[in-house]
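Visitor: Residue strings, one per chain:
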Amino acid sequence: MKKSALETGMINEEPLLWEKGQKGRCAFSMPTRDVKRVPLSPELEGDVPDLPELSEVDLARHYTRLSQWNIGIDTGMYPLGSCTMKYNPKINDRCAGLEGFSGAHPFSPEDRSQGMLNLMFRLGEFLKAISGMDAVSLQPAAGAQGELTGMLMIRAYHRARNEDRSTIIVPDTAHGTNPASAALCGFKPVAVQSNDSGILAAEAVAEVMGEETAGIMVTNPNTLGFFEENIHEIAEIVHAKGGLVYCDGANLNAVMGMVDMGRSGVDVLHLNLHKTFSTPHGGGGPGAGPVCVRETLEPFLPVPRIIEEEGQYRLSEDFPRSVGRVHAFYGNFGVMIRAYAYILSMGAQGLRKASQLAVLNANYVKERLKNDFHLPYDRACMHECVFSDQYQRPHKVTTLDMAKRLMDYGFHPPTIYFPLVVNGAIMVEPTETEPKEEIDHFIEACRAISEEARTDPERVREAPHRLRYRRMDETLAARRPCLTG
Amino acid sequence: MKKSALETGMINEEPLLWEKGQKGRCAFSMPTRDVKRVPLSPELEGDVPDLPELSEVDLARHYTRLSQWNIGIDTGMYPLGSCTMKYNPKINDRCAGLEGFSGAHPFSPEDRSQGMLNLMFRLGEFLKAISGMDAVSLQPAAGAQGELTGMLMIRAYHRARNEDRSTIIVPDTAHGTNPASAALCGFKPVAVQSNDSGILAAEAVAEVMGEETAGIMVTNPNTLGFFEENIHEIAEIVHAKGGLVYCDGANLNAVMGMVDMGRSGVDVLHLNLHKTFSTPHGGGGPGAGPVCVRETLEPFLPVPRIIEEEGQYRLSEDFPRSVGRVHAFYGNFGVMIRAYAYILSMGAQGLRKASQLAVLNANYVKERLKNDFHLPYDRACMHECVFSDQYQRPHKVTTLDMAKRLMDYGFHPPTIYFPLVVNGAIMVEPTETEPKEEIDHFIEACRAISEEARTDPERVREAPHRLRYRRMDETLAARRPCLTG
Amino acid sequence: MRYLPHTDDEITSMLDTVGATDLEDLYSAIPEDCRPTRPPDIPGPLSEWDLIEHMARLAGSPGAGPARTAYLGAGRYDHYIPACIDSLLSRSEFSTAYTPYQPEVSQGTLQGIYEYQTLMARFLGLEVSNASLYDGASALAEALLMAVRVTRRKKVALSRLIHPHYRRVVETYLVPAGVQVTELPQLENGRTDPSALWDAEDLAAVAVQSPNFLGCIEKLAPFGAMARDKEALMVTCFTEPLAYGILKSPGSQGAHIACGEGQSLGIPMSFGGPGLGIFTTRKDHVRQMPGRVVGKTVDKEGKQGFVLTLATREQHIRRDKATSNICTNSSLCALSAAMYMAALGGSGIRELAQLNHDKAAYLKTGLEQAGCTVSFEAPFFNEFVIAFPGYASKPYERLMEKGMVAGLPLGTYDSQWEGMYLLCVTETRSRADMDRLIEEVSRLARPE
Amino acid sequence: MRYLPHTDDEITSMLDTVGATDLEDLYSAIPEDCRPTRPPDIPGPLSEWDLIEHMARLAGSPGAGPARTAYLGAGRYDHYIPACIDSLLSRSEFSTAYTPYQPEVSQGTLQGIYEYQTLMARFLGLEVSNASLYDGASALAEALLMAVRVTRRKKVALSRLIHPHYRRVVETYLVPAGVQVTELPQLENGRTDPSALWDAEDLAAVAVQSPNFLGCIEKLAPFGAMARDKEALMVTCFTEPLAYGILKSPGSQGAHIACGEGQSLGIPMSFGGPGLGIFTTRKDHVRQMPGRVVGKTVDKEGKQGFVLTLATREQHIRRDKATSNICTNSSLCALSAAMYMAALGGSGIRELAQLNHDKAAYLKTGLEQAGCTVSFEAPFFNEFVIAFPGYASKPYERLMEKGMVAGLPLGTYDSQWEGMYLLCVTETRSRADMDRLIEEVSRLARPE
Ligand SMILES: Cc1ncc(COP(=O)(O)O)c(C=O)c1O
Ligand SMILES: Cc1ncc(COP(=O)(O)O)c(C=O)c1O
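Quick note, the sequences are listed as chains A, B, C and D, same order. The opening position of the first sequence corresponds to residue 0 in numbering that gives the first Met the number 0, with each subsequent residue numbered one higher. The opening position of the second sequence corresponds to residue 0 in numbering that gives the first Met the number 0, with each subsequent residue numbered one higher. The opening position of the third sequence corresponds to residue 0 in numbering that gives the first Met the number 0, with each subsequent residue numbered one higher. The opening position of the fourth sequence corresponds to residue 0 in numbering that gives the first Met the number 0, with each subsequent residue numbered one higher.
Just chain A, same shape as in the assembly (with noise of 0.2 Å):
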């Protein structure tokens, strides 16, 4: 409880939930009870829970000013690099929120459930369509799960093949979560090096790939933004020693319509359906992350499947190499309502459209924005650029600094020190939904930040100067963990 008035203009301060309200409110309204009290027995029963009580208004106005305190998609651009923080059609939602889908029961008998199979059956035609492969899993909940799930099948094939294989490549461009997942199925990640120009040489990939590799995990376009041109032959080195070629698609963005993953020579791919098919991102989740296969690869797909006979539609079991189940149902299906209502929407040719703009929006930020920020690989880029702190360490400005400077100026920062292969490195993509202006007007904040680097880089080292909050302290959290209040 606030001790005494605070001036906080219109952006009010807010206490935990826990020191609102008082005993005896309650914001549900509690339905009628319509049967009689049968106590339970007194040995199983607990305490009343400790939870704060409030009236709806308490819960409106928590909420509603906490929300204040967020940036999101609609109050501008989020240039997350390797996020694709694309706007996200509110139809989309509005198709989530049918009643017929957000109250369907998982187990509802088949008959009461061919709307939403048939599209989750749709829904991954078009994936295999727009990817080029030949069978999908809509099950994994998000990127990673896709590549657990995709590591669990590679591991799979080799097994049915007798074949104990026990390490995995996977480039130093690589996102966290490839090697982590590679590690929860057991497989030992080996490193290989991107050449000078940001993507694999053929001849690394060849050093290190051996009769105990399991395969390569290759992010493409990669996390620098650049396509893996050398795909198809690294393909066929792995392929030439039996190793499988695992396709980490969350950077689809980039090449919808333009490349077909079949044909370069990728065996498995996930892809991020919370990036490239515009599914809001929910300060964290939920996402989906379907996985893509080769024909090869089909019997070890997660269970159950989605079957269609003559127009009807049925999950199935029945797949005896599967690898199992890696969701307690089907995945989540209100994700899934959403991109495929986007893809719906788009069409094929919107969809080759979109990555192109995408693309475009990148190469012109990087053009723009290159002479004062240091661009390691200087080359034209996909969907993201990425770009140094080197100009800027002379006057003791670091990413971090530019980063929290960039609220200042009413932009979300891109993402930061990653990939790891670059020192500093910032990582913008803007997507196709950012209109021309909004990108001029981010250039024009980054290049006064450039400028302030040099002329009072104080400023910048202090920032955010114009937020509710100053720099808030990480190193004192992680020392001290206060999780719960």
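Please keep in mind that the hints were generated in silico from the structure rather than gathered at the bench.
In silico lysine to any residue, SDA-like type, Cα no more than 20 Å apart, as pairs:
# : chain 1 : residue 1 : chain 2 : residue 2
1 : B       : K187      : C       : R148
2 : B       : K352      : C       : G43
3 : B       : K352      : C       : G18
4 : A       : K187      : D       : R148
Fit chains B, C and D with the ligands to the supplied structure of chain A, relying on the hints for placement.
Guide: Here is chains B, C and D with the ligands on its own, set in the frame of chain A:
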């Protein structure tokens, strides 16, 4: 368009609509053309309208940002006196959004409109029960139109009796719409002053009540926050001279279930659904201002009226003495839905309790602030209390200054300079949905300002300081009107 | 109750502060003879769950089917509303705010309304717009009252082809003010006959609706010229503003005031309300304009911002001398309309208007071929009047049995329109829908 | 396309800046052999209007009727969700934000999740909660992997009465890690038989679900004691967290980890996902905990705020040594759960849990009286297992024909459960609904 980067923090600047976008964008999904183009005669065809062209993301950001410059009930206490800014339950909006309601055409055949007619009929019954009146029309679109409708009925009533009464008694505390509505009906308002207790004395009314007087317009509870205790006697005086009693029921929130307007002598009463019955005010409407009448006035109600016959509802225009229509259809049905939902959610006891707590909150504010702010009428109040800036004037701090300063503390200011009978009035109506903590914070903020008025009057005079804007120049706006861009 | 935050302890402590013994005690000032003799007879309280179930039952589930088969317009139009608009409009900062009396904390509403005014004025070809009125009908009434104020005359001429409900509202508003209303009759082609105006004198205003109640597009310019000659104000009203996506704007045709209903612009039909009273006029008349208006200004530091302005016209300052009694208007609906116009943009609204016209043309031609008679030959926008084939008995009722509402029967409005039906087609009706109606109509001839 | 703001002119000017001739030119780096041979076979583009119509058709209109007549639980529960939660959750500042990597512009999400962690830890009687995992099944799998890390042992014992899908997910996650899974069988009363634990050695964890898959409430304390004895971690999981509105909390019964599914707490069933993976544990184990976690800190000026913390456990720092591979989790669902718990409050959640139990008890008694056999005698929460009267032929199918889904047939999961049905009753089923089912069941006996 912004020329250079601005440090806006998290609340973005946002240009005007026509400074945004680009010719060629469109945020609307054009329906598929399935018929051939049939050109209109060139003689009829005009130029392409000069409207800005935006993409959906432009539109979403524009209005999301604009919304951030507004305070609403969900952001915090909004103690605008006379406006009953209570919490607007979300479930009511959901009810109004039901497709069957929002998509209903007013000319739909009656057998397809039973649900709507039923709702309106029952809402009418509820309002009768709550007010103690005999008949009702839901047609008026807001309070002022309710007043107009009521005054038209009073006019019609007298004409039906072959009387042509020309004046109407209006107390000095009345809302501006009262005299304006009366004037629209050709009545000349005759002022009557409230007494030292802030209410009408029967004698004062008797003095001005004549044979040419159509009646009296009294607001009860009145705009000073007091119940017109002499209403019964006043009604007798007015009735004795052949006049009628109109009651402005905008302040009904104080007395639901506590007062019977019919018994108290009122002949015509309007209610504000967008105040008492929790429908959102929408930044200035739409509202709904149903008008309730005593039996004698029923024949004059607007048409169409809803008739119930054996559980079936129909619309009838067959009321030859009706004042006619005031709305193209049946009034603001979307607002009625919410009020109906609210009444059912509260029940009779709940409404009564709401009124009691509204009165409790107002008296609590009054008691806790009366040492800091001059209270012209130091007595128990109903739903609101009225202070003045008398204690601050010696420091050259006005009501307006304090209102603006409250914004710095995160509150929407109270109603100011109304009612006119109080010099520098500050009219505070907390409503029953304000939790005690919020009220306490409000009180602290007010006290802090009263303290500042003494110790740092300049700070108050120069307020607001903590918003995106400093004080707006209203004089300039009126002197050189710029109404379009 | 979840909307009432007070706990018993809080009530007790607050009563204590206030010096009251209990809640009833707060009402000691209410005389016995003003109190109810029994509690109001109201059901409930209903839980949130019982409520929504009850409401869903009342709302029925029209589904895609039934609504699709109704061809009703006549003042309410079934247009698509982008999901984006709903979602932005429901942001509580917009929907729960009051009238923006305090500009510094209401810039969202104020800029939004200023933009509405600008877009609307541009759209209708006039110079200024107010912040909204209740609906089209009262907007017309207010327009005529304004004309009376401006001209200081007490006579207005109204086309008979103005929506009959609007005419009824005008009468309600004007008669007490002692304004005399004369009507301009209908020409055979479905347009208004201006000839009665030639001899008219002392007119405050001439009012026509276009497209008119019969769906016909009026030739506005002659009325404009006539009004100018008579020094009267030319008032154009409309129930279907989308028509001006393609038609010449009222302003360009000489209108002093263009007013009407804005429901078509992103506002659901909602059984007839809330709608949006649009009111635009010329700059010279702005001080006689009814309703609120937002103006641009600057703050103390010169930063651009917006405020309610010209309040001296209004009831809260001018009281019985105000230009109107309006206070609460249709602000949120005005915001929808601005969003809708901005969503479409100039080219979009033109294309959508064209599509409306073309769909209506398709149905009209189809019905004609199926044996119907088109009643009026003047050009139309998205509404037109037909009579069913003479040989068919109870055609309208028989179509209704098939679940189709084949327009609005006009006979109840005017005996000369007996047997005529006003049909409306918007972009929401597909060709397939229309083909079904045409098919059924062509079957009408055959014996059952 | 309304989501693509670029006009042709803008594209041209940007291509110019970039130095490309056209959009295709941007892809010159893509080798021919990686390009598609034809455009993907995808229908569309659909307009917003065709889309929503198509989706509405897929979604069907279950209306109040059908859903009401299903008695399905088993991992997804039909609970009421206050409209207020939907409306707050859909504020785009919450729903469209990314993971709060940048705390200064993400305090809404961060405080919201910190509150979630706190409420959830309190609710389950443990000390810390993470920010969420995908769903209940993977939460259990992660719990067991954590136990393996904490104890450095490679064996876990799992109750057979854990949801069979959860067990399948556990297997998928654990087998590659070389963890051996043994199962604890079922007692006749519907609870888990702990006796196999007596001789078990080297256990990393003992895992039970309560209420278990059969709806029975497990006695957790003995498992807790047993785990303590064996120096294993006691893992409690659940599919129906609402049960802890009334049951003793897992923490109070000795659980080291309580995890499971949070869908019941304000999240729609949505055909099984998204849900909410709840994960709570004790403070000592926090550095082995999987998933993100929000911690309290201060800003430079000492003002309280929140950040993602203990990131050194996570994949983006620790890569293959991370405690889990999870990145995106179920943040928005966690926010719903916090809103839901706060909406109910302590007393509310207790009352709602009691009501669930009482409604289930009502149906169970009714069905028993109608001739069904209750399969297990252990106490239950809102689910229970019955067998239909022996004399009835195809009872389940016959009820289905009447439109009633009388629970989940258990036979497919385990042959010993053949002929048994798991029924669930929440607060959303009325007594009248249940009476109809009971009535139909009592009719089953009679010949058709
Ligand atoms: C390249 C890449 N791979 C994988 C992931 C993991 O996806 P998710 O967060 O959905 O688990 C991400 C997410 O940031 C990513 O950027
Ligand atoms: C006492 C009183 N009467 C009448 C009105 C007018 O109501 P409306 O704004 O709905 O026209 C108001 C509105 O502020 C009011 O406070």
